[in-house]
Amino acid sequence: MAVEEPLKHGEKPTQPTERSWHETVLQTLKRNQVDLVPYVPDRVLTPLIQSLHCDAFFTTFATAREEEAVGILAGAWMGGRRGALLMQTSGFATLANVLASLVVPCQIPLIMFVSERGTLGEFNYGQSLVCRTMRPVLDSLAMEHHTMTRLDELEFIVDRSIKQAVATQAPVALILSPLLTGGKVFEAGASS
Amino acid sequence: MTHPTRNTKLMNRFDLTCRLVGKLKQAEAVIGGIGNTNFDLWAAGQRPQNFYMLGSMGLACPIALGVALAQPRRRVFALEGDGSLLMQLGCLATIATLAPKNLAIIVMDNGIYQITGSQPTPARNSDIVAIAAGCGIAASHWAADEEDFDRLVDHALQAAAPVLIAVRIDDKPGVGATRRDPAQIRERFMQGLGVRQPI
Chain A
1 MAVEEPLKHG EKPTQPTERS WHETVLQTLK RNQVDLVPYV PDRVLTPLIQ
51 SLHCDAFFTT FATAREEEAV GILAGAWMGG RRGALLMQTS GFATLANVLA
101 SLVVPCQIPL IMFVSERGTL GEFNYGQSLV CRTMRPVLDS LAMEHHTMTR
151 LDELEFIVDR SIKQAVATQA PVALILSPLL TGGKVFEAGA SS
Chain B
193 MTHPTRNTKL MNRFDLTCRL VGKLKQAEAV IGGIGNTNFD LWAAGQRPQN
243 FYMLGSMGLA CPIALGVALA QPRRRVFALE GDGSLLMQLG CLATIATLAP
293 KNLAIIVMDN GIYQITGSQP TPARNSDIVA IAAGCGIAAS HWAADEEDFD
343 RLVDHALQAA APVLIAVRID DKPGVGATRR DPAQIRERFM QGLGVRQPI
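Protein chains in written order, with our numbering: chain A, 1 to 192; chain B, 193 to 391.
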């Protein structure tokens, strides 16, 4: 029996036959007719963003701010089109006003994917602080949110959460934990 | 309130809003920005295709962009104040890049935060049209007077690229007062866009 090398910091166990987290997210969006995907980029989200750009089913583009993308998705929903926003923890931290003054009172089923920075090996103190604001904001508005840590639960959580958001006309935040994605780890010479 | 080196006529928001609404014959969507912009849209005659934004300052253009992307055959207007647009200038670059054929932006520029006590905006000497053109919205124009505004709106109703019309307005407050019922405003708008049927 081969001895398994212990995982290094930042490494993820890989099984060649297993679908990646980003492929699972893409397929689940598609299955739920979620085809408009604005984003403010993040290193961890990059493979998902790339595969969305490569798939003609999706209209995906960068916005200048996360708040702007929320406005776009609110307008699109009212016009009959489903979408989802991709961003990082620090981007979510800019959204309290738009969530409280547009999304929640207008009952917009906003679907948000948040790549979680600031925990499980964070190297930037500011990121770790901003991360602590995220769940209190979500809880203070009584917004549904799930932290996704396991590949075997990912499809179920994403699929059911999209369906619940639409059925109940309520927003949801789907937090992509470093336990799922590998997160971002410190590299010599890398910044922020 | 001074506007040096400008030759555009000082017009009135409610009058211009009435002129716009009077030209809408194809169930065009209109997103009214926060405050006086949507108060005057409300007062100009309520339409099911109007969305009145009660918070989220600066998001009239992004919301209009979302509607335009969802319904490419319907023309969509965003009505926004200059102070509000300043909150979200980046959206002009996004709109220029996506270049929806059915989106028009009307910026009501009085150089002040009228509703909070008429404080001057930091951009009272900035040129909104130059900013929009610099972002890549080539069809960005100042309306010289009411007649010019009418002409520019007629053009926007036929355009095949995003349009921005900036108008210099006076410091008069809004004429009406939007009923602050966000869920009902949203539902009625969706019905107006044909997305929902009344229950």
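A portion of the hints provided could be inaccurate.
Partner residues are not named here, just some residues of chain A that face chain B (Cβ under 8 Å, in silico) [as the list claims (entries may be wrong)]: (1) E68; (2) I72; (3) A74; (4) M78; (5) G80; (6) L102; (7) C106; (8) R135; (9) V137.
Which stretches of chain A does chain B cover? Using the computed rule of at least three CB atoms under 8 Å from a CB of chain B, they are [said to hold, decoys possible]: (10) 56-63; (11) 91-101.
It should be emphasised that the hints constitute simulated quantities derived from the structure, not laboratory data.
Glycine is no exception: its CB is placed at the ideal position from the N, C-alpha and C atoms.
> Taking each numbered hint in turn, which are not upheld by the structure, reported in ascending numerical order?
Replying inline: 8 and 9
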